[in-house]
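S.K.: Position chains E and F against the provided structure of chain G, taking the given hints into account.
Residue numbers (the numbering used here), protein chains in the order written: chain G, 1365 to 1976; chain E, 3 to 111; chain F, 11 to 351.
For the record, the hints were derived by calculation from the structure and aren't laboratory data.
Watch out, some of these pointers could steer you wrong.
[Claimed, not checked] Quick list of in silico lysine-lysine cross-link-like pairs, DSS-like style, CA-CA up to 25 Å:
1) F:Lys-177 with G:Lys-1660
2) F:Lys-177 with G:Lys-1927
3) G:Lys-1962 with F:Lys-129
4) G:Lys-1963 with G:Lys-1768
5) G:Lys-1927 with F:Lys-129
6) F:Lys-185 with E:Lys-38
7) F:Lys-302 with G:Lys-1927
8) F:Lys-96 with F:Lys-302
9) E:Lys-20 with G:Lys-1661
10) G:Lys-1768 with F:Lys-248
11) E:Lys-20 with G:Lys-1688
12) F:Lys-248 with G:Lys-1751
13) G:Lys-1634 with E:Lys-106
14) F:Lys-263 with E:Lys-38
15) F:Lys-129 with G:Lys-1870
16) G:Lys-1408 with G:Lys-1634
17) F:Lys-129 with G:Lys-1963
18) F:Lys-248 with G:Lys-1661
19) F:Lys-177 with G:Lys-1768
20) G:Lys-1927 with E:Lys-20
21) F:Lys-177 with G:Lys-1963
22) E:Lys-106 with G:Lys-1716
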Amino acid sequence: MKDRFISGYNDFVLPFVIGMSFILIYLAIGIIRVIAQLPAQDRKKFFLSLINPKLWIINLKDIICDVLLHTRIWKRKPLLGYMHSSIAFGWFMLIVLGHIETWMFVPDRLSTFYYPVFFRFFVMETDHTIGGSFFFFLMDFFLLIVLSGVFLAMFKRIRSRIFGMRRTTNNQLPDRIAMYCLWAIFPVRLLAESFTAGIAGGSFLTRPMYWLFSNFLTNTYHILPTWWAYSTLLGTFFVLLPFTRYMHIPTEAFLIVLRNAGIKVSHPRKGYSIAQIYSCSNCGMCIDACPMMGQKKNLRYATVYFNRLLRRRNWARCEESADKCLMCGKCVAVCPVGVDSCNIKRSLRGLKAAPAPADYGYFSTYSLSESAATSPSSAEPAAGQEKILYYAGCMTQLTPVISKAVGTVLDRAGVNWEFMDRDGGICCGRPLILAGRDERAREMIRSNTELIRQSGATVLLLSCPICYKVFRENYDLKGIRIVHYTEYFDELVRLGRITLRNSGEKLVYHDPCELGRGCKVYKEPRRVLGAVGELVEAEKHHDESICCGGSLGSLTLSYEDRKDITMHSLDNLLYASPERIVTACPLCLKTFSPYSPKKVSDFAEVIVQNMN
Amino acid sequence: MIDFGYGISPSSAINLDKFDRTMFEELAREEPDVLKCMACGSCAASCPTAGHSDMNLRKVILLLGRGREDEALRMVSHCMLCGKCLIVCPRGINTRHLILSVTKIYQKK
Amino acid sequence: MELTNQQRNVVIIGGGPAGIEASKALDALGYTVFLIERENRLGGHLGRWDRLFPYGTPADDVLGQMTASMGRVKWFTSTEVTQLNKLERGYNVILSNGLSVLADALLLTTGFTLFNASKKEEYGYGIYDKVITNADLEDWFSGIPVPAVGNPRRIGFVHCVGSRDEKVGNRYCSKVCCATAVKQACEIKQQFPDAVVYCFYMDLRMFGRGYEDMYLEAQKKYGVIFVRGRVSEVSEDKDGHLFVKAEDTLSGKPLRVTLDLLVLMAGMSHNRAVDPIARTLALSTMEDGFLKPKDSLTAAQASYCTGVFYAGACTGPKTLPETMAEARAAATNIHEYLQEQ
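Extracted from the complex, chain G is given alone in its bound form (with noise of 0.2 Å):
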């Protein structure tokens, strides 16, 4: 194997270099502009992360999994999953062994950067080795399976639900011809590594091609146009790469080395969010999961058109999207890429927020319930004893059996309580950081703590998920354990505190968002409800549960169009037929309670039904 021209150089390899210098360009000011947009604490973040070995590893292992094998597709939809990462990692493979075979067999080159591109129409083939065959059959291999994952392409734009999709984005202009131009390459590629097969040798696919076609083309003029077809292609590709969905392809990796420095999305439109929306790579899978897309009008509010509007600055719309959006979080769980849209959606809602004067000054008026509010010296707990202050918040109020059956457990496993709210409270702050206005909430989230404090609780115990979610997040309680009743619940079954019979009764346990989603909260509530009765699931539950429709997150979504949403989720809890719908949260139950055909449940009260 040796050099086939001195120069090494061929005017076709023009249109891959200029589009290949460009999109270098165009990533390089990209990365140094979202840098440069980071807030100064995230900027440390990231730089330290750079010189951490420990996150190298887990860098490493994400891009592998996730850019290359698309392991989270295949987890959902195997086919889709096969299509990706046979493109994904098939062209990848491409390249580190075009990189290899240059570095193996005419070193000299792999400065040359289009070199091992090209590599078979710039060398011949002198005599046969093992390891050269060895290497034409892997190319050979890995464009077979780069060439069945673009057929798998093609077909999906004609028949999506054969992947499991029941609706695919809508592509535009430039997303459409860049589609045909990665469609393109790799048939190209393969006719011009077929065409030079004779000079550079080839393997079980090119040199078939090459026999096949020196039957009946008997000159050599149709190599050339072929090897610059397939620069041209690739050029093309390139430049169209920033304003077409492709630019998830370089983005995705610089997206997982900023979520792994443990950064947060802070604006909508700069820095973090940059990565995380260009990392979108389109494939729609939000839109199925979208509970809002049970109505056709509501198409338009998904998450990928979402990210689009951004990428675009169109902000009208992006705002009505951001404001309409439920904020269940499944189009984020769904995602393959992980981009964190109901944070850049919040964001959007905090930036655009008109600026309202706050005067929670009345706060200070708020005390502890009165059995709650003892002196925090006699409230010092014995050694080793927990005391527990059980805040039901403001939904609670509303579902009185919640807090109620709650108390009966409390008090049947003899644990030591007390009830924060009784008479009402303030609220935790979750609902108005769903707004975007963190800012507000601070205020929320500095008088409860004080309350608690001043309690002297070693246990937070919370029955709403919405609270829960806030209080483990954006709340500093140190030395105060923040534990939710399906939780704590879970933990006095097996202390043996509260024993249960089984009363053998079908039931389905509906995720809320806020708890399944929002916090991984999944295997406490299913093992204790497992004991009470029998335990089936819903058609999508865990991380893919459909949302009950009274989320706080919507700030737009009418009373109307939430009824859909609810009778949706409710077919879908229905699917194995259960007696009765147990949930725990009290919105959920609100919600479901009116228009179920079953009874629906919250889990406490599922619990004192049967327990000895």
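M.R.: Chains E and F alone, transformed into the frame defined by chain G:
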């Protein structure tokens, strides 16, 4: 009418003749639910700030419809946006969006 | 061959006041009438009520008078319609007692069901011992023990429970609850003269003859306290006292009161038992589930289905006099219809 330079405490009476409805109509375009209130008081009763502040959504809606924006805005500044009123409203008024729209539209002044 | 009236069958589904009244009217016109009642006695909700507004007439007297002579009406209690087939002319009705009737006309007097007050979680019905419904209180008035009543010193009535409430899918006013609440408030004052009685209302709809007098009497004679504000939530203290939150909308202040007994004025919901019949006959229903008459003004007793008629609360909440009037109107309409056949 002759202006004597004084009147009978003009601020205490609601004079609908002098009420410029432009802002209220803009609010009704932004959140049409503002027109649906039947003044049952559920929102004000369930409000966690009740008894601690003078926030009262029923009154906010009423006052805005009577040209008393300042009073309404003062009340709204106490809102924690917790959404309890959204749940209890028998007319299904999107109270949280209504409150956000009030601050958005009337803040422009 | 001309059929005599007696050779024509009318099947009436629902043995409440509307069904009873219509069956007698049609019987008087000479038709063969079949009256079907699901429960074990005729009378519907009227049978569960103690006294009726506005004059406190005992419900038993009214019902007794109505059912004193049922004429030749063939009435069946504890009987349901198991099958209903539309024939070329008329309907084949098969009953759970095995009877099969060829009906020339069908009258639906299926009435309403009392709103399930436990659907309003915030009021705590079924959770707190001291929260009861208007129907529970009627039981107590008629001598059935209701332990929750006890010996209350502070009593509250909540109007519009499950009525005028989009959140439970009932946008409409149930019409009778305001008057019932005022009636029950007076009656409970008769039983517990020292008790303080509150009525929490949104709007007092005292539209009927004699209702306003009853309202006046409640204020003047019984000292019932009327609070304009919808109760938003109820909590319970350790001794079982109820803590009620409302807004006193007239003073514009939040209102808190402790009570020993809370009575929820459950409104009317559409009767789900009629749904299968409505599906079989493809009858139109309204958004809230009630049957939709052909025209609410000019053909209020007619359905969109030939030979099927409505009377009473199956088309929406009605007072007793309205129901009775509709029953007689339906009998007339059916008579006209059958004469034209």
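S.K.: It remains to establish, for every hint, whether it holds in the given structure.
M.R.: Okay, the hints, checked on the actual structure:
no. : hint                       : in the structure
1   : F:Lys-177 with G:Lys-1660  : 24 Å, holds
2   : F:Lys-177 with G:Lys-1927  : 10 Å, holds
3   : G:Lys-1962 with F:Lys-129  : 12 Å, holds
4   : G:Lys-1963 with G:Lys-1768 : 18 Å, holds
5   : G:Lys-1927 with F:Lys-129  : 16 Å, holds
6   : F:Lys-185 with E:Lys-38    : 21 Å, holds
7   : F:Lys-302 with G:Lys-1927  : 23 Å, holds
8   : F:Lys-96 with F:Lys-302    : 19 Å, holds
9   : E:Lys-20 with G:Lys-1661   : 41 Å, violated
10  : G:Lys-1768 with F:Lys-248  : 11 Å, holds
11  : E:Lys-20 with G:Lys-1688   : 36 Å, violated
12  : F:Lys-248 with G:Lys-1751  : 20 Å, holds
13  : G:Lys-1634 with E:Lys-106  : 24 Å, holds
14  : F:Lys-263 with E:Lys-38    : 21 Å, holds
15  : F:Lys-129 with G:Lys-1870  : 22 Å, holds
16  : G:Lys-1408 with G:Lys-1634 : 16 Å, holds
17  : F:Lys-129 with G:Lys-1963  : 10 Å, holds
18  : F:Lys-248 with G:Lys-1661  : 50 Å, violated
19  : F:Lys-177 with G:Lys-1768  : 23 Å, holds
20  : G:Lys-1927 with E:Lys-20   : 41 Å, violated
21  : F:Lys-177 with G:Lys-1963  : 17 Å, holds
22  : E:Lys-106 with G:Lys-1716  : 10 Å, holds
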